[in-house]
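S.K.: Residue numbers (numbering that gives the first Met the number 0): 0 to 190.
Note that these hints are calculated values from the structure, not bench results. Just so we're clear, the structure is a prediction, and the values are computed from it rather than from any experiment. Hints may be right or wrong, so weigh each one.
Pair by pair, the computed Cβ-Cβ distance ranges are [claimed, not checked]:
1) 17 to 155: 41 to 47 Å
2) 116 to 89: 37 to 43 Å
3) 55 to 104: 46 to 52 Å
4) 128 to 54: 52 to 58 Å
5) 17 to 117: 27 to 33 Å
6) 88 to 65: 17 to 23 Å
We put the beta carbon where it would ideally sit given N, CA and C, even for glycine.
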Amino acid sequence: MSPDREVPVVAQARAPHATLLVNLLLPGAGAILSGSIGLGLGAGLVFALCANLAILTTLILPDDFTRFAAWTTVALAIASYGLAQVTFAVAHQRGIEIDRASRRRDGLRTLHAAVERGEHATALELVERLAAEWPDDLALLDWRVRLLRELGRAEDASRAEAELRRLDRHGIYARGAAPAAPRAGADGSHA
């Protein structure tokens, strides 16, 4: 699969409760619908195997297996069902994180385009909206300082710069040493 093509997330963003219900009824299916096909298939297959073994040892051929073997297979089926629910939770959280990263990246691209067009007030509004979701994001704080200076709001820029320095434990954004503004394709993170 090419890197440009993304696997669509079918139901996760639109109906997380429906995806959870599907996963409760068909273990592994919720993870598949959340975009984690491999995790969902793996969890579903493990559950199906364990459930079939439990049915075999307790209902179909109970006289051919010891009670211990029968109860062990039932315990494995219950554990694999729980594993499928945990797998769904992990896949769902991963999907949320991917969505957030995509929104941040798109916001930073829009921000950069606004700055290139000279629309500094619009860019500052965008930074404020992005900062509401990522309040401790150093790249956004750096953009805020730059834009406030560009708009002639020195006092606000000084407060924002003080906040940036407070959060910048590694000194990446120390006075005069801040990385260049992100390029159009960059995600805003500074390594």
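S.K.: Holds or violated: 17 to 23 Å for the Cβ distance of residue 88 and residue 65?
M.R.: Taking Cβ atoms as reference, residue 88 and residue 65 lie about 35 Å apart, which means the hint is violated.
S.K.: Return holds or violated for the Cβ distance of residue 128 and residue 54 against the range 52 to 58 Å.
M.R.: holds (54 Å)
S.K.: With 41 to 47 Å as the target window, see if residue 17 and residue 155 comply at their CB atoms.
M.R.: The hinted range 41 to 47 Å holds for residue 17 and residue 155, with Cβ atoms some 45 Å apart.
S.K.: So the hint says 37 to 43 Å: do the beta-carbon atoms of residue 116 and residue 89 match that?
M.R.: holds (41 Å)
S.K.: Given the hint of 27 to 33 Å, check if residue 17 and residue 117 actually sit that far apart at their C-beta atoms.
M.R.: violated (45 Å)
S.K.: Does the hinted range 46 to 52 Å hold for residue 55 and residue 104 at CB?
M.R.: For residue 55 and residue 104 the Cβ distance comes to about 50 Å; the hint holds.
Comparing the model with each numbered hint stated earlier shows that hints 5 and 6 do not hold.
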